[in-house]
Amino acid sequence: MSEKSETKIAKQPAQAQDLMPPDVDGTAILSDHMYKFVYGPNPRMMEAVQQLNNQAAGMANNAAILAGIDRASSNVRDCMQNRALRGAELGQVKVVELTSQLDLGAISAAIAGNIAKGGNAALVNVLKMAGATPLVERIRLGAIQMRQSEETDAEKTFEQAYKADIAKESKELPEVVQLRKAAQKMYEELKLRRTLPDVFDNNLTLIDTVIKDGAMSKEELTKSRKSGVENGLTQTLIEYLLKNFDQMKRGDNSIDRSDVVAYQKKVMLKGMPR
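For the sequence shown, counting from 1, position 64 maps to 368 in our numbering; every step adds exactly one.
Take every hint as true, because none was put in to throw you off.
Computed list of lysine-lysine pairs in DSS-like fashion (alpha-carbon distance at most 27 Å, straight line):
(1) 472 - 340
(2) 553 - 570
(3) 485 - 472
(4) 398 - 475
(5) 495 - 547
(6) 553 - 530
(7) 475 - 421
(8) 398 - 472
(9) 495 - 485
(10) 460 - 547
(11) 569 - 553
(12) 460 - 340
(13) 495 - 569
FYI, nobody ran anything at the bench for these hints, they're computed from the structure.
Predicted model, so just to flag it, every value in this text is computed and none were measured.
Full structure from sequences and hints, please.
What follows is the structure, encoded as structure tokens:
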């Protein structure tokens, strides 16, 4: 089907869970965000930013870039509502490219200047969200890629998202904090699913501390989770094995390397669990 014909698909009602696969940590946050993005009101942040064009150096250019992001995002929303996912992905790639042109320093200066003058709190919040667009728009791209089973591309995109440079004032927003954590969890689990046997081997000694039989029991996994593992990928491994324990184990009440390899082959043949 051509991209042109895809965009003519009749609109159909969709549920939030349709926008993200249901089996990835952080899904609740990302799914809710994507649903609001696609079906919620347009925030039109560039209108608020335009009010500050003459108050801070660089904001006029930022307003023009944000206006372009707003227009491109509207097209992405239309594609998503029409289930034209390839068109949505191409449009979102353009949005991400635009975010790289933003002057984050100018946004920080505008925020500081507006606060110093006792400005409107809602406007300050909009500016903070504008400063977080490099993170937010990459997360949306990753979500669209996941919806098409493009796990390799999505893994890279989510890594770029949680590592993205954003305005320092934007980092304190609860929504931004949640989205960054969700992006990191998505990246870690996608990486885990791709390299599962190797990650299992690298953490076997750390987790197999009770029976010490070259396998991981549910007791050992639960104990390791409660101990507060600091390594993010190890934590993701523990959560992933516990979540899929009954599907992985064969016979006894533990998971060894052969179980992990067999499970990975099964889910890879299915194009990863969705």
